[in-house]
Each structure stands twice: as C-alpha cells, then as structure tokens.
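Number of protein chains: 2
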Amino acid sequence: MKAIILAGGSGSRLWPLSREMYPKQLLSIDGDTSLLQATFNRLNSFIDAENILSITNIKHFSDVKLQLNKISKSAPVIAEPLGKNTAPAIACSLEYFKQNSNEDDIVIIVPSDHLIKDNAAFEKTVESAKSLADDGYIVTFGIKPSYPETGYGYIKTANSLQGGYKVEKFVEKPDLDTAKKYISEGNYYWNGGIFMAKISVLLEEFRKYCPKISANLEHLTFDNHLKIDYSIYENMPSISIDYAIMEKSDKIALVKLQSDWNDLGSWQSLYDVKEKDEQGNVITGKVVVDNVKNSFIYSQKELVAVSGLSDIILVETEDAIMACKRDESQNVKKLFEKLKESDTTKLHKTVFRPWGYYTCMNSGEGYLTKTICVLPKQKLSIQSHNYRSEHWVVLEGTAFVILDDKEYIVKAGDSIDIPLKAIHSLQNPYDTELKIIEVQKGDYISEDDIIRYNDIYGRV
Amino acid sequence: MKAIILAGGSGSRLWPLSREMYPKQLLSIDGDTSLLQATFNRLNSFIDAENILSITNIKHFSDVKLQLNKISKSAPVIAEPLGKNTAPAIACSLEYFKQNSNEDDIVIIVPSDHLIKDNAAFEKTVESAKSLADDGYIVTFGIKPSYPETGYGYIKTANSLQGGYKVEKFVEKPDLDTAKKYISEGNYYWNGGIFMAKISVLLEEFRKYCPKISANLEHLTFDNHLKIDYSIYENMPSISIDYAIMEKSDKIALVKLQSDWNDLGSWQSLYDVKEKDEQGNVITGKVVVDNVKNSFIYSQKELVAVSGLSDIILVETEDAIMACKRDESQNVKKLFEKLKESDTTKLHKTVFRPWGYYTCMNSGEGYLTKTICVLPKQKLSIQSHNYRSEHWVVLEGTAFVILDDKEYIVKAGDSIDIPLKAIHSLQNPYDTELKIIEVQKGDYISEDDIIRYNDIYGRV
Numbered sequence: 014m015k016a017i018i019l020a021g022g023s024g025s026r027l028w029p030l031s032r033e034m035y036p037k038q039l040l041s042i043d044g045d046t047s048l049l050q051a052t053f054n055r056l057n058s059f060i061d062a063e064n065i066l067s068i069t070n071i072k073h074f075s076d077v078k079l080q081l082n083k084i085s086k087s088a089p090v091i092a093e094p095l096g097k098n099t100a101p102a103i104a105c106s107l108e109y110f111k112q113n114s115n116e117d118d119i120v121i122i123v124p125s126d127h128l129i130k131d132n133a134a135f136e137k138t139v140e141s142a143k144s145l146a147d148d149g150y151i152v153t154f155g156i157k158p159s160y161p162e163t164g165y166g167y168i169k170t171a172n173s174l175q176g177g178y179k180v181e182k183f184v185e186k187p188d189l190d191t192a193k194k195y196i197s198e199g200n201y202y203w204n205g206g207i208f209m210a211k212i213s214v215l216l217e218e219f220r221k222y223c224p225k226i227s228a229n230l231e232h233l234t235f236d237n238h239l240k241i242d243y244s245i246y247e248n249m250p251s252i253s254i255d256y257a258i259m260e261k262s263d264k265i266a267l268v269k270l271q272s273d274w275n276d277l278g279s280w281q282s283l284y285d286v287k288e289k290d291e292q293g294n295v296i297t298g299k300v301v302v303d304n305v306k307n308s309f310i311y312s313q314k315e316l317v318a319v320s321g322l323s324d325i326i327l328v329e330t331e332d333a334i335m336a337c338k339r340d341e342s343q344n345v346k347k348l349f350e351k352l353k354e355s356d357t358t359k360l361h362k363t364v365f366r367p368w369g370y371y372t373c374m375n376s377g378e379g380y381l382t383k384t385i386c387v388l389p390k391q392k393l394s395i396q397s398h399n400y401r402s403e404h405w406v407v408l409e410g411t412a413f414v415i416l417d418d419k420e421y422i423v424k425a426g427d428s429i430d431i432p433l434k435a436i437h438s439l440q441n442p443y444d445t446e447l448k449i450i451e452v453q454k455g456d457y458i459s460e461d462d463i464i465r466y467n468d469i470y471g472r473v
Numbered sequence: 014m015k016a017i018i019l020a021g022g023s024g025s026r027l028w029p030l031s032r033e034m035y036p037k038q039l040l041s042i043d044g045d046t047s048l049l050q051a052t053f054n055r056l057n058s059f060i061d062a063e064n065i066l067s068i069t070n071i072k073h074f075s076d077v078k079l080q081l082n083k084i085s086k087s088a089p090v091i092a093e094p095l096g097k098n099t100a101p102a103i104a105c106s107l108e109y110f111k112q113n114s115n116e117d118d119i120v121i122i123v124p125s126d127h128l129i130k131d132n133a134a135f136e137k138t139v140e141s142a143k144s145l146a147d148d149g150y151i152v153t154f155g156i157k158p159s160y161p162e163t164g165y166g167y168i169k170t171a172n173s174l175q176g177g178y179k180v181e182k183f184v185e186k187p188d189l190d191t192a193k194k195y196i197s198e199g200n201y202y203w204n205g206g207i208f209m210a211k212i213s214v215l216l217e218e219f220r221k222y223c224p225k226i227s228a229n230l231e232h233l234t235f236d237n238h239l240k241i242d243y244s245i246y247e248n249m250p251s252i253s254i255d256y257a258i259m260e261k262s263d264k265i266a267l268v269k270l271q272s273d274w275n276d277l278g279s280w281q282s283l284y285d286v287k288e289k290d291e292q293g294n295v296i297t298g299k300v301v302v303d304n305v306k307n308s309f310i311y312s313q314k315e316l317v318a319v320s321g322l323s324d325i326i327l328v329e330t331e332d333a334i335m336a337c338k339r340d341e342s343q344n345v346k347k348l349f350e351k352l353k354e355s356d357t358t359k360l361h362k363t364v365f366r367p368w369g370y371y372t373c374m375n376s377g378e379g380y381l382t383k384t385i386c387v388l389p390k391q392k393l394s395i396q397s398h399n400y401r402s403e404h405w406v407v408l409e410g411t412a413f414v415i416l417d418d419k420e421y422i423v424k425a426g427d428s429i430d431i432p433l434k435a436i437h438s439l440q441n442p443y444d445t446e447l448k449i450i451e452v453q454k455g456d457y458i459s460e461d462d463i464i465r466y467n468d469i470y471g472r473v
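Heads up: the sequence lines are chains D and S, in that order. The first sequence begins at 14 in the working numbering and counts up one residue at a time. The second sequence begins at 14 in the working numbering and counts up one residue at a time.
If you are wondering where the hints come from, they were derived from the structure by calculation, not from laboratory data. Warning: the hint list may mix true and false statements.
Partial list, derived from the structure: chain D residues whose beta carbon lies under 8 Å from chain S [stated by the list, open to error]:
1) V184
2) D188
3) A333
4) V345
5) G377
6) G410
7) I450
C-beta atoms are modelled at their ideal positions from N, C-alpha and C, and glycine is treated no differently.
The following block holds chain D by itself, in its conformation from the complex (with noise of 0.2 Å):
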C-alpha cells in the first residue's frame, strides 16, 4: 500500500500562528508533534515511510523535509514548482508511484492539516475500504455530520456496497436550511478530502476526464530531490481533485469515517478540541483573567491580561496580536487578506531552519541584529557576504567558527568578527544549544547576499 501527503496550504486559516511561510500542517496543535508529522506517523504505522509521499510547495519543502526527517530519512517529499491546487498534485505523485512501483497498489491520498486523535479507528475504516478500492472504486471516507456546517461540501451516499455506499454525488457547500435538510435525510456525510484507490484506477479517471493533466505527466520525471519540472507544471490547470475527478467519475463508494475528525480550519475548530477549563476557556501560555467565559486565549511571548469578555478568540505572537469573535473566526481569512502585504503573514519573526532558528530583533539604517540559536552538534554552511559584515557574541554556549583558514573557539561572552567578504562558518560540535547574537552591518543587508563554499571546502 502506498501513501501520499497532501503538504500544501496557505497558513490563513491559523494566522497569525500560521503563516504563508509556516502554515497550519507544521505547527504543534495538540502535543508535540506538527499535524504534518501526526499525519506521517498515522499512516506510518501500518504503510511503510518510504511508501510515504508527502508533496508540497517548493516554499514549503525544506520545512516539511525537515519535520519529516525527524521522524524517517527514507520519507520522499516531492516540491511543487507553484501551488496548482490538488489535482496537479495527486497526478504527479501517481505518476511517481507509477514509476517507481506497481500500478496495481492501492493509494490512500490524505491532507496534512486535518485532526485525527483516534489511529486504530483511522486504520480500520482504511481496512474496510480495501476491497472496494481492489474492485476498482475510488473509496472516499465520509465523515458523519454532527450539524449542519454550511462550510463543508457534503456527499450523497446511495445504496450500499460491501462496507460502505455507492456516492450518487458531491454537493457544494449548502446553506443552513439545506445543511439541516442533508442531516435528517441521513444519508449525507462531509466530505475530509480522505480517499483510497488503485493507483491505476486513479490515473485511468485522470486520462478519461482530465487530459489536461494527464497529458502532462507522460514528460514528468524526477531528480535526485524530487522536485517537479516548472515547465510541466505551468502547463497543467489548476483545479482541485472534487472537480477533476470525484464528481465526475462513476466509480466513487464511500465508507464512513469511524475516527474524531477535525479539519481545524478556524480558530473556532481548534477551540472544539482543546480542553477548556470550567469557564468554558482554552487558556495558552502566560495569561491572566478576570470574568472571562467561552474564550480561547493564546499567548506565545508576552503576557495577555483580559477582563469581562465573552466568546472571543485572542492570539499573541511575537510579532502580531489577533482578536476576533469566536463563532465568527473563519473571518480571521478577510484580516488575513487585508494584510496580504504585510510581512507578519508570510513570515514569522522567528524563523525554523535545519540547524536551529533565528529571530529578527532590532534594524535600521545599515544594519540588523538576530539571536540565533544552533542546535547541538549543527551548523551552519561556510558562507560569504559581499556586502556586510557581521558581528557575533556568544551568549550562552560554545561557538566553533571557521574564518577564512583559521578555527576560533568563542565561549559565552567572547565575541568574534567577520569582516566583508571573509569566508565563515558558525558551528556547534558539542551537546549543548549554542546562542548568539549576530550583528550585521553594511550597505545592503539582504538575505540574499550570500555565497556558499560547501562544494570547495567539502566540509559542509
């Protein structure tokens, strides 16, 4: 059996948690892991990880590779060149599993996003669809309405199969009186985006009603770091898989979904599954309150003190505070698009790298300072700047530098420079985190002002 990981996702849902940059899948919601690596260790414990293929975004992969590398080296990620939506996706990955297995296997095809406490429940509802995806249908897992969400599209079951419905159709997301009439008819059920078929299967509805696509694939193929051609990609229309395939084919049976289900698409959904306290709160990090009820309050850094509200959602993160009506906080996506061209929904102040992160602290005029923090035995690639210098002061740890021919031990205190152009390394061989603030000064400080050595050096 094999696995693909749909790992795309625009982050607006979650902002200001989520960002463009980090969006909802690879954030810890519920313990220790992302929803991502949640997802991975769901179907990881009955496919085997490099069964496993997981495609996202090409802005995404290095985030999404690292999360999955914590869990399995042998876990292939697959960038998509520009986001095209699902269709594009799922093609893409068949089309690797095509060329690197066999046809005949059955695919289960799931988003990273979604909520899912209950693994046992997961894997025997992926059992119970196995035949019918042996017989040749595209196996959909319904979710049973617990009300009437005007924000699903819904799927209309018809009479039954072995294990689960034969689908007479897809429907688009209902209003209220609509969503109530599917609830006492019965015989609808959400649709998760949760789907299992044969390979094959998958791509023969491709050719028959999306050639578009499946045209395209016949040039596909993949390099050492599986990232998809851009020229291939551009070519294909992007369109979800609901309408290129799953309400047009009639091979689609449904089988009822026998775990808890949570897409957290809003802050409100993420609120339904946190535990609240006897005021009916969801209380995170350093907050006090006082005659505060229903609310979810969300503090990352700094301390977030309310007083004598109700049935609000308040979030703060070091760079953004977001507050908003909880039963209306799939609007958090408006405040999001009002702020399209703010960094704040792109990035987060601190940013996740291989090595350990960094968070921006102050800048102006000619120059930025960062902590950065690098993680036991890590480092960072032998580089070059051509147009700032930067300064380094070890605060807590050992930094190992390489500056130009020379090594430096800078123990907590010490401070080094790195002069124009100077060719350097920051590296923590020992066990503990390695803190410093790094400060950067010239002309033009960009990101993009760097050259790296690790192919002269060979050390990287």
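Given chain D, work out where chain S should sit, using these hints.
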C-alpha cells in the same frame, strides 16, 4: 500666588500603558506633552515656575524632575519617602511655602493626571475663586455633572456666595439612583480634587482637624534635594485631604469649573476624549480592523488585527496585552492587582532615563542584552560593576567610551569589551543619536550592581 501639583499615582488605571514606575501623569495622552507637563504649563501661564511645587513619591522623583526640567529648571519638586495619600503631601507642601514665602499667599492645589484642554476657561475659574479665597474660604472647583457617574464623590452646595456657593457637604460615591437624584436636584457637583485657599487658612485647618499631621510639620526641614525625611513622614497618618479637612471644615466654598475636565481614570474615559472614526473606533498605531465598532484599539509596537468585535478596549505594549469590555474598563485595576507580583505592572520594557532610554531584549542563564539609546550630547555616569562584564556593539552613531584611563571612539559596526570591575562610561558627545547593543555577562546581573564614580573623576 502659589501652586501645588500632586504628582503621585499608582499607574493601575491605564495599565498596561501606565506602570507603577511610570504612572499616568508621566504619559503623553493628548499631544506631545505629558499630563504632568500640561498641568504645569496650565499653571505656569499665570504663576512663575519657582512658585509651582510638585510633590511625588521618591520612586517617580527623577522622572517628574526630568519632565519638568524640560520646561523650567527652577520648578521645585518634593520627594515623599513613601506614599501616604494626599493630606500629608499637601501639608508638607504648604509647610514648604510657609518656610519659603508669605503665609497669606493663595495656593491652588491640583492633581497632575487630569485632562483639561481649555486653559483660558480654567484660568478664568481661578480668577473668580480669588476673592472667596481672600475672604478665608477653601474654594473647591466643582465640575457640573454631565451624567450620573457613580465613580466620583459629589459636593452639595447651599446658598450663593460671591462668584460661587457655600458647600453644604461632601458625599461619597453614590449608587446610580442617588446619582440621578443629585443631577436632577441641580446643586450637586463632581469633586475633581482641585482647590484654592490661603496657605495660612489650610494650615490652620490642619491644626484644627488633623493635629497628627500638623504636629509633625514643626520638625520638617528641606535639604537641597527637597527630600522629606523618612522619620517625619512615617509618623503621619495615611489619609486623603477630603477626609482630613474638606469634609470637616466649615470654610468650604465652591466655584464651578468653567473648563472641560476629564480625570482619565479609566480606558473608557480616555476613549471618551479621543476623536472617533465613522465606526466609533479610536485606533492608534499599527492596527487593522474588520467589522469593529465603538472600540479603542491601541498598538504600541506590533501589529494588532481585530475582527467582528464591538465595545472593547485592546491595548498592546511591548510586554503586555490587555483586552476588556469598554464600559467595564475600571476593572483593569483588578487585573493590575492580580498581576501585582509581575514585572509588567511595575516597569515598562523600555525605561527612560535623563540621557536616553534602554530596552531589555533577551535574558538567560548568566546574561542579559539591552538596546541602549543615548541622546545627542548626553552621557551615562562613570561606573563599574563587580559581577558582570559588558560588551557593546555600536549600531547607529558613534560612541565615546571611557574605559579605565583610556578613551575610545567606537563607530557603527565596531565593538568594545568592558571587563569586570573596569571603570567605564558610555557617552555621546555628537549630534546624532547613539544606539548600541549591550550584552551583560556574569553570575549576578542586576541594576544594583553598580558603583558610580562621579565625585572622584569630577567629569560627570
């Protein structure tokens, strides 16, 4: 004529904008000047600076002096060694004038943290109160109530006097029905805590009604720094001027305050005086709103985004975020009490000093980093530290550094080490601001690890 400005204040009402160490009167609420400075300027238009005495707690002494010195170097400031409510502060201030001028002079006593915009109307009220004060009355300035406020004390007037009224009695904060009755009766005024009288009359009333305070005045002397001796002050009862004198004396008259007046006693009252946009919002700083009404959103530093909320107050400062219901904003005091042990009620992250300001950035095991800004032509004292070394990196401007017996010029991008126990001073003799990062390193890092050498060197 003389004036006494009561410049104490706990900083709880407008938290987190105000702090225990930087209360409301020191803040700029409306324009460039602080409330204290605006109060001083209002009086200074008809009273000479050397006759306007400000009295404040020792912990605010340097900030009060710093702000007033920017207007006039000759304005005297008395420091109370501890907080004792208004009566002891007023008594000591009267004693200061008794020792330094004519007891028959009229003195006007005003709080430092109220907002009055129409200075001309205020001065008119002062003029109209003079003949009553000359006749031996203690003339309180009554504020005509505009609505049945339950948070203020009221003053009931009796028969008319020249330009005012005889006061029948002072009454405590009423409940809503009583407040409504007061307003319909028409002869009740809000007690704004502003009053005028002859110095001799007030001192006589202290002798009569508050001998415990009066007796201690005999021993009161003022040194050059105008600090009240602890042993004298601690013997005085902690009591308000209203309880001590106003409610007991039969010499109280009232003139109607002709100017606008707002005590800025809560975020709600601050909202009241601010100009609103079409949605009834007051918005300050980096704020984005969507469907927000009748709210006060204040951002000091980071982005604040609000959606779908009405009638709230949301305040962001560097290290604390406060949200509350607008018409219950007096409850901020409760949050403040809950947080009493936290640094965020006491200090701002950015601390102002006569020479500039500093902001604490990171701190950890054995280190603390600050951004320090030294204003042009300013310098820090010559000092040394027994338990920490320092490392300075210049970000902007140029530093003139005294280090033991040498002097150094440190330019932007350069750095200098200040070893343990080294005698040093950071100075900016130039015309532009100096900004540095300071990394403190040591086993014990505290503001109290400082030895100052001003006298030895005679240079500062």
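Now the hints, each set against the structure:
1. V184: violated, 28 Å
2. D188: violated, 20 Å
3. A333: Constraint on A333/D satisfied, holds at 4 Å.
4. V345: holds, 6 Å
5. G377: holds, 6 Å
6. G410: violated, 10 Å
7. I450: Status holds, d = 6 Å.
When the structure is compared with the earlier hints, violations turn up for hints 1, 2, 6 and for no others.
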